[in-house]
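K.L.:
If you want the building blocks of each chain, they are given just below.
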Amino acid sequence: MTAEVQTPYELTVNGRPRLVEDALPTESLLFVLRERLGLPGSKNACEQGECGSCSVLVDGVLVCACLELAGATVGCEITTVEGLGKAASNGNGESDPLDLPDMLSDVQRAMVEAGGVQCGFCTPGFVVAIHDLLARNPAPGPLAVREALAGNLCRCTGYGRILAAIQSVVDARTDDARTDDARTDDATTDDGRAVDVRVDGSRTS
Amino acid sequence: MTVLTPQRLDGALAALAEDPSLSVVAGGTDLMVDVNAGRRRPRALLSLRHVGELRTWRRAGDQLVIGAGVTYAHLLDPRLAALAPALAQAARTVGSPQIRNTGTIGGNLATASPAGDTLPVLAALDAVVDLASAEGRRAVRLDDFVTGPKANALQPGELIVAVRIPVIAGPQEYLKIGVRNAMVIAVASCALVVDWSHRQLGCAFGSVGPRAMRDRRAESWLASEIDWHARRARSTTVAERFGRWMSETVSPIDDHRATAAYRREATAVLARRAVERVLA
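Chains as they are written, first to last, in this note's numbering: chain X, 1 to 205; chain F, 1001 to 1280.
Derived from the structure by calculation, the hints contain no laboratory data.
Hints may contain errors.
To be verified - Here are a few chain X residues that sit away from chain F, every Cβ distance over 10 Å (derived from the structure):
no.: 1; residue: 10
no.: 2; residue: 34
no.: 3; residue: 139
no.: 4; residue: 160
no.: 5; residue: 164
no.: 6; residue: 171
no.: 7; residue: 173
As the list claims (entries may be wrong) - Which residues of chain X face chain F? A partial, calculated answer using Cβ under 8 Å:
no.: 8; residue: 4
no.: 9; residue: 5
no.: 10; residue: 12
no.: 11; residue: 19
no.: 12; residue: 26
no.: 13; residue: 47
no.: 14; residue: 62
no.: 15; residue: 67
As the list claims (entries may be wrong) - Chain F residues, not near chain X, derived (Cβ > 12 Å throughout):
no.: 16; residue: 1015
no.: 17; residue: 1080
no.: 18; residue: 1237
Using N, Cα and C, we set each Cβ at its ideal position, and we do this for glycine too.
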């Protein structure tokens, strides 16, 4: 028995059922989120999985929404940047931009406070990717952070302040949890210069 | 609007038998790029996302059977990486976490790009590709499966079900050159697999020919230059000479990523480095 996805179809976005009334079969999840469901948080830039600005979670897995066939995500739990704020965790669905900054997640607030946002276009993708990283690895070392964010491009900040934002979240969460500050590797942070990280974990600058 | 989302392989095969023109999408990291750019306009799609049996792997004796839907991220699972180290190394060089979470080994085979990162590893391991259609199943050697750049032996109505590789005791390496270490398509790559018990090795190169390139004569020569008891090269020049040999064997082209001359030089360097590492 093969299921056939017909319009209208239903996606589960940020815990809520969302009806996609009209769509072409080839539409990406990114297009459907932005153009069909009015969720413009996920940004559309390269449309080829290179930039990460459309990063979302599908069944808890970090992916580029531009490369997901929307119809194939029926039945999956889709989380967008709109679903990461406190409003979402309170069960109210997406946060309302007008309620900022109270609704920001700790990652979002750290990005603002550390100056990790300049033009802001890459920011939603970074926020989703950082949430994903810290959910899997609460105290990532600098190399682990760089590898985890290798698929998110920022042309403004030079990354240094984004890395600083992540560190402040790690520190705050670690203080909250009163756990040991165990790092997964011991390389030192630098000033945000691009650093080549080899597959074997060594590095060259 | 037609997007088919079967839960089971037999459902997928039945759908494909009924309409062999369906565009098959696994991870989508290749197909959706073309769709988004308007280069391909599929009328109807068959998504393999929900076919759970394709997304598993198992060990069967001295064979590793990896489902076509296993993602690059899944290849990094320590249990799987321990059995196929070079495959894990190759998987780690693919794209970004987002791409590795999505792209599949079956998709790498289906796309059959000369730069496909798992393909040199599969070539070096003499992998066998398991195909299925509603009519039945067949197994095809990787050599016969990838027929040229972006060309493969899939017949209408067929799907890649799994790829089989031997579990080998010995060191493995995958090395890749690109403009950066993440999010990069290989300019040249090299997979080297050593089998201590059978005193054999396999070595294949990516992005330096129409498909993964091997030279079995060069491999035999290299094997003859190894002191298998000490697990060392017999002389200090072996790695260098193997590299030079392979740089003449491969058939690279000039393209927007690199020149053929650079790729030959890269082949020599990667081959030497891989030999030095496995015999270190």
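K.L.:
Now look at each hint and say whether the structure bears it out.
P.N.:
Verification of the hints:
1. 10: 13 Å, holds
2. 34: Its Cβ never comes within 10 Å of chain F, the nearest being 13 Å, so this holds.
3. 139: 18 Å, holds
4. 160: 18 Å, holds
5. 164: Since the minimum Cβ distance to chain F is about 20 Å, residue 164 of chain X lies beyond 10 Å and the statement holds.
6. 171: 23 Å, holds
7. 173: Answer for residue 173 of chain X: holds, closest chain F Cβ roughly 20 Å.
8. 4: 5 Å, holds
9. 5: 4 Å, holds
10. 12: Violated, about 14 Å.
11. 19: Violated. Min distance 14 Å.
12. 26: 5 Å, holds
13. 47: 4 Å, holds
14. 62: Because about 6 Å separates residue 62 of chain X from the closest Cβ in chain F, which is inside the 8 Å limit, the hint holds.
15. 67: Hint holds; residue 67 of chain X Cβ to chain F Cβ min 4 Å, cut 8 Å.
16. 1015: Since the minimum Cβ distance to chain X is about 5 Å, residue 1015 of chain F lies within 12 Å and the statement is violated.
17. 1080: Given a closest Cβ separation of 17 Å, the condition holds.
18. 1237: 25 Å, holds
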